[in-house]
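> Here's the letter readout for the chains.
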Amino acid sequence: MSAPAATSGPTDPTVRPRRRAKRAPAVRRVSAVGPLSIGIVTLWLSIIVLLPLAAVVVKSLDGGLDQFWDAISNRQAVAALRFTLIVSLVVTLINAVAGVLIAWVLVRDQFPGKRFVNALIDLPFALPTIVAGITLLALYGKDSPVGIDVSFTQTAVALALLFVTLPFVVRSVQPVLIEVDKDMEEAAASLGASGPTIFRRIILPNLVPAILSGCGLAFARAVGEFGSIILISGNIPFDTQVTSVYVFKQIESDAPISAAAVSVVLLFISLVVLFLIRSLGRWGARHER
Amino acid sequence: MSAERPGLRTSRPARYTLRFLALGYLAVLLLIPLGVILYRTFEPGIGEVWASITTPAAQSAFQLTLLAAAIAVVLNTIFGVLTALVLVRGRFPGRRFLDALVDLPFAVSPIVVGIALILVYGQTGWFGDALENAGIQIIFSWPGIVLATVFVSLPFVAREVAPVLREIGDDQEQAAATLGASRWQIFWRITMPAIRWGVAYGVVLTTARAIGEFGAVSVVSGHIQGETQTLTLLVEQRFQNFDLAGAYAASAVLAVIALVTLLAMTLLNPRKDET
Numbered sequence: 000m001s002a003p004a005a006t007s008g009p010t011d012p013t014v015r016p017r018r019r020a021k022r023a024p025a026v027r028r029v030s031a032v033g034p035l036s037i038g039i040v041t042l043w044l045s046i047i048v049l050l051p052l053a054a055v056v057v058k059s060l061d062g063g064l065d066q067f068w069d070a071i072s073n074r075q076a077v078a079a080l081r082f083t084l085i086v087s088l089v090v091t092l093i094n095a096v097a098g099v100l101i102a103w104v105l106v107r108d109q110f111p112g113k114r115f116v117n118a119l120i121d122l123p124f125a126l127p128t129i130v131a132g133i134t135l136l137a138l139y140g141k142d143s144p145v146g147i148d149v150s151f152t153q154t155a156v157a158l159a160l161l162f163v164t165l166p167f168v169v170r171s172v173q174p175v176l177i178e179v180d181k182d183m184e185e186a187a188a189s190l191g192a193s194g195p196t197i198f199r200r201i202i203l204p205n206l207v208p209a210i211l212s213g214c215g216l217a218f219a220r221a222v223g224e225f226g227s228i229i230l231i232s233g234n235i236p237f238d239t240q241v242t243s244v245y246v247f248k249q250i251e252s253d254a255p256i257s258a259a260a261v262s263v264v265l266l267f268i269s270l271v272v273l274f275l276i277r278s279l280g281r282w283g284a285r286h287e288r
Numbered sequence: 000m001s002a003e004r005p006g007l008r009t010s011r012p013a014r015y016t017l018r019f020l021a022l023g024y025l026a027v028l029l030l031i032p033l034g035v036i037l038y039r040t041f042e043p044g045i046g047e048v049w050a051s052i053t054t055p056a057a058q059s060a061f062q063l064t065l066l067a068a069a070i071a072v073v074l075n076t077i078f079g080v081l082t083a084l085v086l087v088r089g090r091f092p093g094r095r096f097l098d099a100l101v102d103l104p105f106a107v108s109p110i111v112v113g114i115a116l117i118l119v120y121g122q123t124g125w126f127g128d129a130l131e132n133a134g135i136q137i138i139f140s141w142p143g144i145v146l147a148t149v150f151v152s153l154p155f156v157a158r159e160v161a162p163v164l165r166e167i168g169d170d171q172e173q174a175a176a177t178l179g180a181s182r183w184q185i186f187w188r189i190t191m192p193a194i195r196w197g198v199a200y201g202v203v204l205t206t207a208r209a210i211g212e213f214g215a216v217s218v219v220s221g222h223i224q225g226e227t228q229t230l231t232l233l234v235e236q237r238f239q240n241f242d243l244a245g246a247y248a249a250s251a252v253l254a255v256i257a258l259v260t261l262l263a264m265t266l267l268n269p270r271k272d273e274t
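Residue numbers (numbering that gives the first Met the number 0), protein chains in the order written: chain A, 0 to 288; chain B, 0 to 274.
Only chain B is shown next, with the shape it has when bound in the complex:
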């Protein structure tokens, strides 16, 4: 009913002014820069771009980025759903503390994440000696990059799933339990189908963040080309080496991934709210 009411009526000039200001702000800040960089990228021709994103260094960076993102998505999806379940359905002391802990990666600077990992797993870190004796290298190697990626993308699935769980309530789960279903059965037959769009949305956000992470990864990577260089690090290195065309080309790959993410978010968002 209230949706059909016009509410506050703005005069035509006022409406146009507001629209112009809002869209102008977005154009100057987002749209025009993006257009310029896409134009600059493809100015030298598509062949150049292709050559520059298929060099061995670029390919290995692409693979490492995908590997780190894949591991982060799998871990953060499994643990994220479990975390949401525990935080919403569980009643135990310390629940509020855990709840706050989940949000921390959103607020902590990526640089702090990087240095934190070095202090735990680096050569002089807490586990440095133990890891060296075991012959495992984490910092300046790919496991460190994976750990950093997992950290920064940790909250998304949990934070998308928790409100859905709260919304659907636990009546159906309780009914299934009285009928003798096990926890495992309840989860797969009742809970999971209800939260699946929330999970999907969380996975999209996790993927985007994991692929795009720069700061935390930059600190723990060691920047070894062909080994510990992710796509975002490749962009920075090429830019610093005045290889602008190369930096733009690698950026374009990341921008395309971002646009696909955006499309997935737009398609998933209404479905997510259906439940």
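Bound-form chain A, shown alone:
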């Protein structure tokens, strides 16, 4: 590191600092990634992700805006989208409550088998969605051993969505709950606050960003879900038909423009949710204390 000082020597004091100032960043800023890597990654993502999604958007406009509008304002499509959004919202709200509850019990409670329960939370991520559907049907279908048959109802769709979206809120709240500073809780308790008050006023505000981002992921997943629903919903138009299954049926009946148009609506919803989650993440990072 002393090389520049040795070459310039002490005889020329005006040059030395300038040279060092120029050199230092040159040595520091060795980038681990070259332009080639950036190019490869851009190409890879463009071919695999961007190109197909662009094709959907272009196809949806093949017949002009009129046909696009006809496709998405079709009564059956609107009914499916309405049901999809409502059921996803309900499922997301249930997740917000159940997810915080489960995360709380996993972090603050001690009981035998806790590690097993903790591992179980990830099961819906690991289990293929079609198996999730069949699994729920085995207990809540027409051969139910407990006499509860919800197959082909809206409840069944909600149940399937609750199954596949379970981990999102739990897994986003859990790490935050572990990190929460307990001094404030102690202080509040010493001032006479009750348990529920401490939770609502002290703990919950810390969890809100994590709950929101977990809910966003769960909602995005629920809106697009297909595998776990297809067997359990019965796909009854104007009743249990969700948008993804509607799109699937459009492809099967060879109506690509209609399928693409409704897909664009789904795509738009995913983009909006993704954008909100990312803004929330950036906001959270900026306000981190």
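For the record, the hints were derived by calculation from the structure and aren't laboratory data.
All values reported here derive from a predicted model rather than from experimental measurement.
Just so you know, not all the hints are guaranteed correct.
Lysine to aspartate or glutamate pairs mimicking DMTMM-like chemistry, simulated, CA-CA at most 25 Å apart [said to hold, decoys possible]:
(1) K141(A) with D238(A)
(2) K248(A) with D108(A)
(3) K181(A) with D108(A)
(4) K248(A) with E47(B)
(5) K248(A) with D65(A)
(6) K141(A) with E42(B)
(7) K113(A) with D180(A)
(8) K248(A) with D238(A)
(9) K113(A) with E178(A)
(10) K113(A) with D238(A)
(11) K248(A) with E226(B)
(12) K141(A) with D242(B)
(13) K141(A) with E47(B)
Here the structure of chain A is known, so what remains is to put chain B in place on it, guided by the hints.
For chain B alone, kept in the frame of chain A given last:
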């Protein structure tokens, strides 16, 4: 220090109520259904199950699933690590856009993925004529299934590796660079050993997702038994044909894979956080 503090003290009845509610929810939603399906699967006897998962159709479905998963894992690991490096270490215009693009497969419906691939590579798609002239079939054939699998499992490795890279910083990499190491040497001697558990965790998630994908694969597969049928598609077909025992048996294979995945995640997770 704060870990030893009890924090909010819940009364005993309150604690038991919360525990009962949380565990009850999990039991009703996850554990009991899983128990019922495992019981139903093995009710006819292990011999029946074995016969039903070793039929030619099941074997070919198993092979296709493994092939698609293997290709997806290799591609998504190589490109995933590179993507994470570029996104964390790179400074270039459009970085945020690429960053958002990586997350898209998480948010896009699998059905949309399927139709998107048809619109690009299908008979009437963008490259339809060119592919037909070259004699290559992608949609309704195994390359389409591979493409769909690659798409849906794309983000996992990149998303697991990126935070690790951010965490370790680039001091060691910079030091190695000043000592004259090439980028290749830096990657294999400094970066890779630091991110290896993150990569392993990402690979596990990629594998699970790749093996379990149904929606996107269902659209592009064409459902040709013995040719373009994956394990998840076999489960659906058997179920639709009222072959419940067969569907349960094939599901059991997938469930076992899922449980192995879960075990691997549980073992890898603490090591991942060590780095």
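> Hint by hint, say whether it matches the structure.
Here is what the structure says about each hint:
1. K141(A) with D238(A): Holds - the C-alpha atoms of D238(A) and K141(A) are around 19 Å apart, at most 25 Å.
2. K248(A) with D108(A): violated, 47 Å
3. K181(A) with D108(A): Given that 25 Å is the threshold and the Cα spacing comes to 15 Å, the pair holds.
4. K248(A) with E47(B): violated, 34 Å
5. K248(A) with D65(A): Given pair K248(A), D65(A) holds - Cα atoms ~22 Å apart, limit 25 Å.
6. K141(A) with E42(B): holds, 18 Å
7. K113(A) with D180(A): holds, 23 Å
8. K248(A) with D238(A): holds, 15 Å
9. K113(A) with E178(A): Answer holds: K113(A) to E178(A) is near 19 Å, not above 25 Å.
10. K113(A) with D238(A): violated, 40 Å
11. K248(A) with E226(B): Roughly 23 Å between the alpha carbons, so the hint for K248(A) and E226(B) holds.
12. K141(A) with D242(B): Status holds; Cα separation ~15 Å.
13. K141(A) with E47(B): Given that 25 Å is the threshold and the Cα spacing comes to 23 Å, the pair holds.
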